[in-house]
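Undergrad: From first to last, the protein sequence lines are chains A and B.
The first sequence begins at 4 in our numbering and counts up one residue at a time.
The second sequence begins at 4 in our numbering and counts up one residue at a time.
The set of hints was computed from the structure by calculation and includes no laboratory data.
One or more hints might be untrue.
If chains are identical, the list can't say which one is meant, so a pair holds when it fits in one copy or spans any two.
Claimed, not checked - The calculated lysine to any residue pairs, modelled on SDA-like cross-linking and capped at a C-alpha distance of 20 Å, are:
id, residue 1, residue 2
1, Lys25, Ser79
2, Lys130, Arg11
3, Lys190, Ala149
4, Lys209, Glu145
5, Lys116, His135
6, Lys209, Phe179
7, Lys5, Pro44
8, Lys5, Asp91
9, Lys5, Asp35
10, Lys209, Asp43
11, Lys25, Phe90
12, Lys190, Glu30
There are 2 protein chains.
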Amino acid sequence: MKLHGYWRSNATYRVRVALNLKGISFEEVEYDLLAGHQFDPAFLALNPNAAVPALEVDGRVMTQSFAILDYLDTLSGGPRLLPVDPFDRADALALALNTIADAHPLIVPRIRKRLAEVHGIDEDGVKGWARHWLTEGAAAYETRLARRPPSPYLFGNTVGLADIAVASHVVAGGPFDVDLSPFPRLKELSDRLLALPAFAAAHPFKRRAVIEQG
Amino acid sequence: MKLHGYWRSNATYRVRVALNLKGISFEEVEYDLLAGHQFDPAFLALNPNAAVPALEVDGRVMTQSFAILDYLDTLSGGPRLLPVDPFDRADALALALNTIADAHPLIVPRIRKRLAEVHGIDEDGVKGWARHWLTEGAAAYETRLARRPPSPYLFGNTVGLADIAVASHVVAGGPFDVDLSPFPRLKELSDRLLALPAFAAAHPFKRRAVIEQG
Numbered sequence: 004m005k006l007h008g009y010w011r012s013n014a015t016y017r018v019r020v021a022l023n024l025k026g027i028s029f030e031e032v033e034y035d036l037l038a039g040h041q042f043d044p045a046f047l048a049l050n051p052n053a054a055v056p057a058l059e060v061d062g063r064v065m066t067q068s069f070a071i072l073d074y075l076d077t078l079s080g081g082p083r084l085l086p087v088d089p090f091d092r093a094d095a096l097a098l099a100l101n102t103i104a105d106a107h108p109l110i111v112p113r114i115r116k117r118l119a120e121v122h123g124i125d126e127d128g129v130k131g132w133a134r135h136w137l138t139e140g141a142a143a144y145e146t147r148l149a150r151r152p153p154s155p156y157l158f159g160n161t162v163g164l165a166d167i168a169v170a171s172h173v174v175a176g177g178p179f180d181v182d183l184s185p186f187p188r189l190k191e192l193s194d195r196l197l198a199l200p201a202f203a204a205a206h207p208f209k210r211r212a213v214i215e216q217g
Numbered sequence: 004m005k006l007h008g009y010w011r012s013n014a015t016y017r018v019r020v021a022l023n024l025k026g027i028s029f030e031e032v033e034y035d036l037l038a039g040h041q042f043d044p045a046f047l048a049l050n051p052n053a054a055v056p057a058l059e060v061d062g063r064v065m066t067q068s069f070a071i072l073d074y075l076d077t078l079s080g081g082p083r084l085l086p087v088d089p090f091d092r093a094d095a096l097a098l099a100l101n102t103i104a105d106a107h108p109l110i111v112p113r114i115r116k117r118l119a120e121v122h123g124i125d126e127d128g129v130k131g132w133a134r135h136w137l138t139e140g141a142a143a144y145e146t147r148l149a150r151r152p153p154s155p156y157l158f159g160n161t162v163g164l165a166d167i168a169v170a171s172h173v174v175a176g177g178p179f180d181v182d183l184s185p186f187p188r189l190k191e192l193s194d195r196l197l198a199l200p201a202f203a204a205a206h207p208f209k210r211r212a213v214i215e216q217g
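Chain A on its own, in the form it takes in the complex (with noise of 0.2 Å):
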């Protein structure tokens, strides 16, 4: 397979902890979205959306994070990354929404350009429209965290697709000084979930450091 991303993309690293967790080797391509190379024409090839991430399989090109994560819970092998029952699967759901379709969206680097350049907002205001919208979403997984029985991970003893959500939203948090400690459910699961060897091989930094070892 071959994942069509970007170092620094939110929803490219949840796709790399997903292909870690199912022991899927991967090669990957970069594509820096800061310097506008999700237009070149071979990316708009790939995905008219230009955005990251893509993957490829067999030929075929996938979008979207939260797609690209079901498809791989379709393939046999690996941990199960969705509950079976269906509450369960429909909570989970709701959970990994709500960072990648409730608050990941709304601070990518789209939208901060737009509200840079179009209605002239400064950098400070920029950074705070971010940190606002993912402390809305973390305040969101504190209350639904508390709701939930005591687990290792959010649906029992398996790390799954709410799980990389979560950890997923942390991360990106870390650019804009997002302050966890009103979270304490929010930091406890996501410290346990950075140091896992899947997660922690598909951080940010970490493939920052693999591309520039060359």
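Position chain B against the provided structure of chain A, taking the given hints into account.
TA: Frame of chain A, contents of chain B only:
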């Protein structure tokens, strides 16, 4: 089933369409988002994210339109909303997420409110913001439609999740005067979808009329 929603909510519209397609009868409860009823303690108990829709089934509450549609597809009976082939399924999810994750979250009331109240953007600016992102999403749909084989709906002869998302994207554009004339494939598909009974009965204007009639 009990659907907690709001007549003009686009995400609630998606769930209404899916319930109609599946032939499931449901009761609706209204929360006026513009009046802040999503922050009432009774609603926050259902969904700490303070967002509609929420679907109550056998005492369990599900949130996020996408998770709810996925849940409805696990039930037996009615047409399948997602293709069985894994690649087609991933395509359908990506098409759905083009609006559910990429466009619609950018234009919901909480975003428009923050742009206006915190960042001082005037009414025209906020409307322009929404129109811009819905137009970007429409352009992505047009490109993706051009790449697909001709068929009545996105995946053959049966309406599914991706079609619901396309229809909801077009419906969302109405109040923001999104111009569909540059996107003839999208316009043609959405015209066909909106004329179907399951979509027509679920339309926000139809729902508003039902409420007004008491």
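Undergrad: Now tell me if each hint is right for this structure.
TA: Consistency of the hints with the structure:
1. For a Cα distance limit of 20 Å, the shortest separation of Lys25 from Ser79 inside one copy, 9 Å, qualifies, whereas the shortest one across copies, 29 Å, does not.
2. Only within a single protomer do Lys130 and Arg11 lie at most 20 Å apart by alpha-carbon distance; the minimum there is 16 Å, versus 31 Å between protomers.
3. For the identical chains of this complex, Lys190 and Ala149 are intra-copy neighbours only, at 13 Å inside a copy versus 45 Å across copies, given an alpha-carbon limit of 20 Å.
4. Taking the closest pair of Cα atoms, Lys209 and Glu145 never come within 20 Å of each other, the shortest separation being 27 Å inside a single copy and 37 Å across copies.
5. When the C-alpha separation of Lys116 and His135 is checked against a cutoff of 20 Å, the pair qualifies both within a copy, at 17 Å, and between copies, at 13 Å.
6. Taking the shortest Cα distances, Lys209 and Phe179 sit within 20 Å of each other inside one copy (19 Å), while across copies they are farther apart (43 Å).
7. With identical chains, the CA atoms of Lys5 and Pro44 are at most 20 Å apart within one copy only, with a shortest distance of 18 Å there and 47 Å across copies.
8. Taking identical chains as interchangeable, the C-alpha atoms of Lys5 and Asp91 lie at most 20 Å apart only when they sit on different chains, with a minimum of 19 Å there against 31 Å within one chain.
9. In the homo-oligomer, the alpha carbons of Lys5 and Asp35 lie at most 20 Å apart inside one protomer (17 Å), although the nearest pairing across protomers, at 46 Å, exceeds that limit.
10. Taking CA atoms no more than 20 Å apart as the test, Lys209 paired with Asp43 passes in neither setting, with 26 Å inside one copy and 43 Å between copies.
11. Taking the shortest alpha-carbon separations for Lys25 and Phe90, only the inter-copy value of 18 Å comes in at or below 20 Å, while the best intra-copy value is 23 Å.
12. Taking identical chains as interchangeable, the C-alpha atoms of Lys190 and Glu30 are never at most 20 Å apart, the minima being 31 Å within one chain and 39 Å between chains.
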